[in-house]
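2 protein chains.
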Amino acid sequence: MNIKIEKLIKQFAKLPRVGTRAATRIVLNLLQDKNGKAQILADTLSDAISSIHSCPICGVLTDGNVCEYCSDSTRNNGQLCIVRDLSDVLVLEKSGVFHGRYHVLGGNLSGVAGITPDDLNINGIKDRISTEHISEIIFALPNTIEGKTTQQYIMSIIHGDNIVFSELASGVPLGGDLDYIDDGTLTLAFGGRKKL
Amino acid sequence: MNIKIEKLIKQFAKLPRVGTRAATRIVLNLLQDKNGKAQILADTLSDAISSIHSCPICGVLTDGNVCEYCSDSTRNNGQLCIVRDLSDVLVLEKSGVFHGRYHVLGGNLSGVAGITPDDLNINGIKDRISTEHISEIIFALPNTIEGKTTQQYIMSIIHGDNIVFSELASGVPLGGDLDYIDDGTLTLAFGGRKKL
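For the protein sequence lines, the chains are Z and Y, in the order given.
Residue numbers for the first sequence follow the numbering used here, beginning at 1 and rising by one.
Residue numbers for the second sequence follow the numbering used here, beginning at 197 and rising by one.
Excised from the complex, chain Z in its bound form (with noise of 0.2 Å):
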């Protein structure tokens, strides 16, 4: 094959669950399509990597000074959710569920992975609370060794009077049937549970 196009599906095969084979019908696709999508996305592409970059406060992907949740002085009600990546921003978002201010720690705490918290966006934290005026910090973080050992260092190294810590509650999910729920998630149901 042409040594560019087989560069090309290198380059898209890199992507996330993206093989060799998915990478050649998208590349074949591109190249052959006579309305000129390769051009618009490759413009498209170009434009958002020039311009986006991490919110400086929170880490969100923006192209503004800061992004839209911290320059939204409605959401400045005293709520910080602490979140690993983007991707539960935007999941957390389309719930409508939250509607205090972000932190994206882009990464979680990990020994095998070797992940330090020089790695993570943790520092800004504190200073959040000062000057946002926080008064809970909510961890949405994954229910994994690795989220709760860097919640476990989050909690350690803030320590601020005024300070409310919570965490998502662990249990059954909505519609989840026993039978196909994991022991872990049972253990952490059955002890949680609620008095009616």
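No false leads were slipped in.
Covered by chain Z, per the in silico footprint, the following chain Y stretches (three or more residues, Cβ under 8 Å): (1) 206-214; (2) 233-247; (3) 252-265; (4) 281-291.
30 Å max Cα-Cα, derived DSSO-like pairs, lysine-lysine: (5) K34(Z) - K210(Y); (6) K200(Y) - K37(Z); (7) K200(Y) - K7(Z); (8) K10(Z) - K230(Y); (9) K4(Z) - K206(Y); (10) K203(Y) - K34(Z); (11) K233(Y) - K34(Z); (12) K7(Z) - K206(Y); (13) K203(Y) - K37(Z); (14) K148(Z) - K230(Y); (15) K230(Y) - K4(Z); (16) K4(Z) - K203(Y); (17) K14(Z) - K206(Y); (18) K233(Y) - K94(Z); (19) K233(Y) - K200(Y); (20) K14(Z) - K4(Z); (21) K14(Z) - K200(Y); (22) K94(Z) - K210(Y); (23) K94(Z) - K200(Y); (24) K200(Y) - K34(Z); (25) K206(Y) - K94(Z); (26) K230(Y) - K94(Z); (27) K37(Z) - K206(Y); (28) K206(Y) - K230(Y); (29) K14(Z) - K210(Y); (30) K290(Y) - K14(Z); (31) K322(Y) - K344(Y); (32) K233(Y) - K7(Z); (33) K37(Z) - K230(Y); (34) K290(Y) - K34(Z); (35) K290(Y) - K7(Z); (36) K344(Y) - K34(Z).
To be clear, the hints were calculated from the coordinates, so they are not data collected in a lab.
By construction, the Cβ of each residue, glycine as well, lies at the ideal position given by its N, Cα and C atoms.
Got chain Z sorted already, so can you dock chain Y onto it with the hints?
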């Protein structure tokens, strides 16, 4: 979400077998990558767009005047394999089963989709028969109504005394369990049974 990121997600979601969910994952991965994956992809894509075009002889994508197959004199063996798409060429090349020249139609005739002979790369075939001394035309088109219609149409417009027409054999695939073979394939396999 940021409007530029949304625009980029929409473009990625237009790629084959990539939905909005996968496109979102791809875009967030690209824009948050610290090794410049997004820039490399944009550059590789732009480079391909500006240099890749269809081979004027056979329709295969290339960045040269003619493609690697048409410029390879050892492939001028009198065999011309007619395929629908470039992806079919790649499959045949990977198998190593064919060593002649290709002709890519860019589609199949289809009344439903409104694809007429003018939409396909058919006209060049006649010229190639004389200039490349073609003695056999092998149809490697999809085993569908559209593929067979296209094959019949091409045979009807090519009049050459010394041209042999052939098509790929139909039947049970290697390792194919009869339980899982459809009736149409079984009928073809019975009709084309070989004496032992």
